[in-house]
Amino acid sequence: MKQASIMKNTGRPLKNHSSFGQALRNSLTMAYRGLLKIRRTPEQLFDVTLQPILFTLMFTYIFGGAISGDVQSYLPIIIPGILVQTVISTSIVTGVQLREDMDKGVFDRFKSLPIARIAPLAGALLADTIRYAIATVLTFVMGYLMGYSPEGGFGFIVIAALLVIVCAWAVSWIFAFFGVIARTAASVQGISMMVLFPLTFLSNAFVPVETMPNWLQWFVQVNPISHLVSAVRELANTGIIGTEFILSLVSAAAIVVVFAPLTVRAYMRRT
Amino acid sequence: MNKKHNDEWAVEARGLVKLFGDNRAVDGVDLNVRSGSIYGVLGPNGAGKTTTIRMLATLLRPDAGEARIFGHDVVKESHIVRQLIGVTGQYASVDESLSATENLIIFSRLLGLGSAEARRKASDLLEEFGLTEAAKRPLKHFSGGMRRRLDLAASLIAQPPLIFLDEPTTGLDPRTRSQMWDTIRRLVDTGSTVLLTTQYLDEADQLADRIAVIDRGQVVAEGTVDDLKGSVGTSALNLRVDQEQDIAYAREIVEQVLDVRASVTAEAGKITSPLTDPDQVTDLLVALRNRGIRLTEISVQKPTLDEVFLTITGQGGNENNIGPKISESSKRAEEVRV
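If you read the sequences in order, they're chains P and C.
Heads up: the first sequence at position 107 corresponds to 107 in the UniProt record's numbering, and the numbers run straight through without jumps.
Heads up: the second sequence at position 33 corresponds to 33 in the UniProt record's numbering, and the numbers run straight through without jumps.
Take the hints with a grain of salt, since some may be wrong.
Here are the computed distance ranges between Cβ atoms for each label pair [to be verified]:
(1) C:Asp124 - P:Leu50: 41 to 49 angstroms
(2) P:Val258 - C:Asp182: 39 to 47 angstroms
(3) C:Phe20 - P:Leu24: 30 to 38 angstroms
(4) P:Val222 - C:Asp30: 54 to 62 angstroms
What the simulated footprint calls covered on chain C by chain P, stretch by stretch (three residues with Cβ under 8 angstroms from a Cβ of chain P suffice, anywhere in the stretch; the number is not a length) [unchecked claim]:
(5) 53-61
(6) 99-109
Keep in mind the hints are simulated off the structure, nothing from the lab.
By construction, the Cβ of each residue, glycine as well, lies at the ideal position given by its N, Cα and C atoms.
Between the sequences and the hints, there should be enough to build the whole structure, so can you do that?
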């Protein structure tokens, strides 16, 4: 008799698949967990606070004179560039932390719960957008302090910030994939840096493309990072939502469409 | 699967196999666990206990064989199975960086409870497991026992009808361990089925209704605790007489009535003899009373599971050094083999 009542308690109708709504709710709960973890260990925000401050200062004062004649006229070029570079490379940490997290016992429990399989991954990635937001705000603030006054105005700066955050979230699926398939957190860091370094530096983020050799110009022009940097420059400096904006979003969507299923499948196979 | 079938068996596993490289960690395990019981899986380190549980709990995919939880296949219907089980791992599967309350709230939310409901559930469970005072502290400062209790609490949020406990008391001090045992017994009283692994024989002895002994990835014996003990040898009868001068006379009577040789521990006034048929004890007591011998203590001691274990796994048991009793018992061990 007691047995029956217990069965009834758990017995919402038993289904063998989780619905989309459930996946969304589970992911949001997991994102909440990620935020709690950040609140408990604020030191993991060091990179997103220090990097924008240091890099913005360094690159602006080192390259400013050489590339644009003076620091003031370099700011509209470098701030969008450094913003994209910083925020995108922050997304590596997502992959590294995911790997560390997955090695802990708590992931066994997540796997044994009747939740959507994608939730632990999607939640972690979603929570990390807070990191991208911090890096974005700090970069713009640094730029402002150094005298950057974007022509596009505040509204377009916000749009630019959101664009970068969305794109970084999309890119973080790539590093989440490395995080799931790699054996150790250190190797995730290694592989990710190898991918990201060429992508961010072989772009128009820091220097004008015309100064590069032809073969390199070709790569820089197809590099999605370049399109994202251009989109941010258009938004911030001229207040235009143009083709670069569309191209960036399309690239981001393409990354998610390819890497989200790959990552979830790899995650489930490890289960 | 028909309804009756579902209710009867919480776990049915046939020929489960898991390979790690060349190592056959689990090599054809069969298990049947009746619902509402405590089932113990006993074995030394590395015998395949954890791997077996992980397969049953959908955490590992079996390489061969099949397993059903309340009639649902662990591979094909894994999402359903997950709605019927709670898993408490060997290493506490809770979030180290969060507090006890936060842990339970997150698990509750994941299981579909509303915000207020999750909060209430968390505080109820913390209260029940004596963790209320520590509820807000980060787990880093938790003792091993508190961590295990929290872990078990997390497994009970959805009140799953089947709970897997992987070595629930390994590394706990004796007091915490017996608290854990009480908790596990309470679970079964509320109708849950518990499948636990342990390497402690007394734990299996204390808790389990039935036991499977696993060694090198295979079930080498299965049965009730008494079956297994009975398979090893006879029980021992212990008597303590009131007047020490009676002891020789009492021993004589014991040997006469039970038709065995008894031994005497003189200073304690204690007589020990093998006991094959418990029914004979009545005759013995009547005989002692008729001759006016008063007893202060009487007990029957079964062989310990340690003896069972060593005999079955073949570590230390061969006919030469333990004697003729063993050859008969290992034959009986064959009978309970699955």
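For the segment 53-61 of chain C, does the count of residues with a C-beta closer than 8 angstroms to a C-beta of chain P reach 3? Result for this restraint: holds, n = 5.
Given the hint of 30 to 38 angstroms, check if Phe20 of chain C and Leu24 of chain P actually sit that far apart at their C-beta atoms. holds, 36 angstroms
Range hint 39 to 47 angstroms: satisfied by the CB atoms of Val258 of chain P and Asp182 of chain C? violated, 53 angstroms
Taking the beta carbons of Asp124 of chain C and Leu50 of chain P, is their distance inside 41 to 49 angstroms? Holds: the Cβ-Cβ distance is about 43 angstroms, inside 41 to 49 angstroms.
Residues of the segment 99-109 of chain C with Cβ under 8 angstroms from chain P, three needed, outcome: Check passed, 4 qualifying residues.
Do the Cβ positions of Val222 of chain P and Asp30 of chain C conform to the proposed distance bound of 54 to 62 angstroms? holds, 59 angstroms
Hint check: a violation occurs at hint 2 only; the rest are consistent with the structure.
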